[in-house]
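> Chain residues, written in single-letter form:
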Amino acid sequence: MAGQTTVLITGGSRSGKSSYALKLAHPYQKKGFIATAEALDDEMKERIINHQRERAESFVTIEEPLQIAEVIGKRGDEFDLLILDCLTVWLGNLHFHLKSPQKYHPLIQEFLEVLKNPPCDLILVSNEIGMGIIPENKLSRKFRDDAGKLNQQVAELAGRVILMVSGIPVVIKGNSQEASP
Amino acid sequence: MAGQTTVLITGGSRSGKSSYALKLAHPYQKKGFIATAEALDDEMKERIINHQRERAESFVTIEEPLQIAEVIGKRGDEFDLLILDCLTVWLGNLHFHLKSPQKYHPLIQEFLEVLKNPPCDLILVSNEIGMGIIPENKLSRKFRDDAGKLNQQVAELAGRVILMVSGIPVVIKGNSQEASP
Amino acid sequence: MAGQTTVLITGGSRSGKSSYALKLAHPYQKKGFIATAEALDDEMKERIINHQRERAESFVTIEEPLQIAEVIGKRGDEFDLLILDCLTVWLGNLHFHLKSPQKYHPLIQEFLEVLKNPPCDLILVSNEIGMGIIPENKLSRKFRDDAGKLNQQVAELAGRVILMVSGIPVVIKGNSQEASP
Chain A
1 MAGQTTVLIT GGSRSGKSSY ALKLAHPYQK KGFIATAEAL DDEMKERIIN
51 HQRERAESFV TIEEPLQIAE VIGKRGDEFD LLILDCLTVW LGNLHFHLKS
101 PQKYHPLIQE FLEVLKNPPC DLILVSNEIG MGIIPENKLS RKFRDDAGKL
151 NQQVAELAGR VILMVSGIPV VIKGNSQEAS P
Chain B
1 MAGQTTVLIT GGSRSGKSSY ALKLAHPYQK KGFIATAEAL DDEMKERIIN
51 HQRERAESFV TIEEPLQIAE VIGKRGDEFD LLILDCLTVW LGNLHFHLKS
101 PQKYHPLIQE FLEVLKNPPC DLILVSNEIG MGIIPENKLS RKFRDDAGKL
151 NQQVAELAGR VILMVSGIPV VIKGNSQEAS P
Chain C
1 MAGQTTVLIT GGSRSGKSSY ALKLAHPYQK KGFIATAEAL DDEMKERIIN
51 HQRERAESFV TIEEPLQIAE VIGKRGDEFD LLILDCLTVW LGNLHFHLKS
101 PQKYHPLIQE FLEVLKNPPC DLILVSNEIG MGIIPENKLS RKFRDDAGKL
151 NQQVAELAGR VILMVSGIPV VIKGNSQEAS P
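Chains as they are written, first to last, in the working numbering: chain A, 1 to 181; chain B, 1 to 181; chain C, 1 to 181.
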């Protein structure tokens with residue numbers, strides 16, 4: 001790594017992951033935000049608008065549901081920090097749009113390659129989805145497996161990993177002093 | 001806060017939250033227990049009876065499915081400690097009985113106000129329900145979101161927050177020395 | 001305990017539990033692996049074959065879906081270390097094959113007895129399945145309850161308990177220094 005810091009923030013739904021990502025971003029000057037969610041229905045539109053409001057004008061927002069490695073690679077040096085929110089939604093987009101592992105695995109590999117030598121600091125937001133009962137649906141099990149594997153691969157490359165619980169950042173990898181806001 | 005201590009105990013189902021709450025309550029003299037669960041079926045009746053047996057006669061039990069802020073506010077000074085078990089069931093009762101956010105949000109605000117200046121020490125039991133796959137049902141997603149948000153708001157006001165995992169208390173906010181029984 | 005070490009590794013699906021168990025097993029000479037999963041369909045067959053490949057030839061594999069206490073008791077002194085992977089699948093087998101608690105509780109008790117004085121070091125892999133929304137299905141709730149209770153009972157007897165999150169071992173009981181590989 002060229003001295004860049006990558007932080008992975010994971011946790012359950014509404015555990016404060018996105019808000020904490022924004023908190024960690026405060027000291028940075030030039031900030032970009034890669035939003036992976038697609039507004040497919042009103043519920044999603046509302047969530048996306050709420051998130052945009054939270055970021056106000058301090059971020060350049062880049063909406064990109066699939067080609068995140070390309071975005072980080074090509075535009076990373078415009079920024080001191082890029083937040084990516086979130087990996088699990090991105091993985092869902094890959095499953096939904098590209099269907100077969102043959103088609104989406106290369107995009108995952110490309111992303112992991114970028115993480116090995118990122119052009120700017122990165123804060124990656126992900127989700128813990130594997131601590132409930134086993135889903136009855138086979139596609140859900142496959143997604144859950146892929147999401148868990150992706151989290152492992154990203155956590156291995158990240159300098160710091162933070163598990164959010166009830167809005168509290170629990171540092172599980174890296175220096176715990178630096179992590180508190 | 002008037003020097004009172006508020007502890008939030010969260011965790012998955014059967015992770016030992018209620019038992020640990022009772023353990024932390026040992027040193028107290030005058031103890032009250034606010035039970036939020038309603039016995040709507042035999043399964044719930046059995047759980048409630050088992051929990052009551054665990055508490056024996058050392059607690060005054062107050063059954064209150066909805067108006068917990070009022071109970072804490074009005075009766076708190078009768079006790080050294082009030083245990084509330086549990087926030088997630090209470091939130092479920094609010095959704096079930098009052099239906100619209102317009103009707104139940106004021107009760108949540110009222111509760112958060114009481115937490116800012118509680119009349120006695122409090123142990124609040126809650127649940128982590130956001131670490132499984134995304135529910136297909138929209139009402140479940142709404143409930144999951146509201147539960148996560150409530151946990152964040154309560155954790156922010158609590159002096160100590162404990163995540164139970166396999167019966168082991170993991171202190172994620174506050175002094176970890178004090179937390180072990 | 002006769003100076004033996006028991007480690008419980010728990011966590012969500014694909015959180016790196018099995019891989020970390022194998023990592024912890026490295027220093028041992030005579031190693032056995034109790035596999036509880038039954039290959040009921042192609043998906044399971046594939047998972048089992050992948051796991052076997054990961055272990056290569058350094059382990060003696062013992063496939064046992066139900067009588068794990070008997071296996072540990074009778075064959076434990078052939079080994080320096082036994083890995084059991086995993087408790088939740090074993091509990092599922094008990095529910096599936098024996099149906100009534102009257103029939104499977106004795107097997108659980110027998111297992112907990114063996115843990116009090118194990119014949120060799122043990123690494124027990126389990127699953128966190130209680131942090132999602134409450135299952136609608138009554139049997140699923142019963143299974144979730146039993147799994148949580150079993151985790152509590154095993155964690156109490158284990159010298160070390162590790163929660164895996166995104167492939168990172170988080171020590172929640174015992175010496176955290178020893179746990180890192």
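These are computed hints drawn from the structure, not numbers from a lab.
Take the hints with a grain of salt, since some may be wrong.
In silico lysine-lysine, BS3-like type, Cα no more than 27 Å apart, as pairs [stated by the list, open to error]: (1) B:K23 with C:K116; (2) B:K23 with A:K23; (3) A:K45 with B:K138.
> Hint compliance check: list the failing hint numbers for this structure, sorted ascending.
Failing hint: just 2.
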